[in-house]
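Produce the entire structure from the sequences given, and follow the hints as far as they go.
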Amino acid sequence: MNLREKIINATSEYFENNIDFLKLSDASKKYKQVLEEISDQNMNIEKGRNDIHFDNGKALGTFWAALCLDDLIRTRQFIRGIDKAIKEKINTQKPLHILYAGTGPFATLLLPFILRYAKEDIKYTFLEINPFSFDLLKELILKLDLEDYDITLVNEDATKYQIDTKNEPDIIISETMQNALVKEQQVPIFLNLMSQVKKDTIFIPEKIELSIGMQKAGLPIEAPNEKRFFKEESVFEVSKDSLFPLTQELNEKFTFDKKQLIIKNEKLKGFNHLLLITEIQIYKEEKITINESGLTTPMFIKNIPENLQDSIVIDTQYQISSDPKLDYTINFIEEV
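One point on numbering: in my numbering, the residue at position 322 of the sequence shown is 307, and numbering is uninterrupted.
Derived from the structure by calculation, the hints contain no laboratory data. Be aware that a few hints might be false.
[As the list claims (entries may be wrong)] Each computed DSS-like pair below joins lysine-lysine, with the alpha-carbon atoms no more than 27 angstroms apart:
| id | residue 1 | residue 2 |
| --- | --- | --- |
| 1 | LYS183 | LYS79 |
| 2 | LYS17 | LYS272 |
| 3 | LYS145 | LYS243 |
| 4 | LYS69 | LYS104 |
Note that the structure is a prediction, hence the values are computed from the model and not measured.
Okay, here's the thing in structure tokens:
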């Protein structure tokens, strides 16, 4: 098999409706091997490990970006969500225009589609800020003989990138996040890009939701997620519904609203930890639920004392800064 055939073969498992973790793991290893064969470069060096820091978050170093492929459910669900979005749009819009912000060195989430669709059907804009990743991406395009495809490579910051009004994308993809939306630029990237397109543009992921939750006491780590973790209330959301109205207000002093949540004492009984829970709707029914992926691993925020007599008040506000995150303060109030 040539390189293209190897990639198509390796990525076919992502499109299967039933999850077979053994086959999925094997497919991801094969996909990664082909990509490493193409790049033929050691990314585990200083310039490959170094993240790039900005005043609104960081861009991952090339080595770490390449490792994202090892998160099996993350990769599978994103590819399946993208597949559904393309199928929904392509019959009414040709050529379809897809913008991929934060491609990493291999554009792993879109590469399977480039090789499966005719070059006349889709045009692509690949946006990557890391110079090392960008160089490897250019090399990938050359070695796969994709120069005659309509692929525009842009080495710019996606949080500041200006979309050509005559060439607006139909689908925008960005997976530039960690669990709880900390450290990376997912939120400012989507804010910037949403402010420049029509509301019928598809964004992938479609929705990222942060919620305050709790962990059940006394259960082993292997217990089912739905028994271990309880979601109390959503406190922050990244979606077109939540962000599109805000993009009209973008300026240097832009801030998200504060939210307050009160958890009554009776609700706290039987739980031992307060958590920040991440859930991701990639597109339509394709989702990554609690603890299915590194992107949705619950983040511990505070112990719940066993004999607590008070209720808990949690104030939250998402902050875009050099270290973006959901800020929170926790206070105890005596039951009346």
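Structure-based check of each hint:
1. Pair hint LYS183 plus LYS79 holds up; C-alpha atoms about 17 angstroms apart against a cutoff of 27 angstroms.
2. Between LYS17 and LYS272, the direct Cα distance comes to roughly 23 angstroms. Compliance with the 27 angstroms bound is thereby established for this hinted pair.
3. For a cut-off of 27 angstroms, the pair hint linking LYS145 to LYS243 stands: about 25 angstroms separates their Cα positions.
4. About 19 angstroms separates the Cα atoms of LYS69 and LYS104, which keeps this hinted pair within 27 angstroms; it holds.
Consistency with the previously given hints is maintained throughout, with no hint failing.
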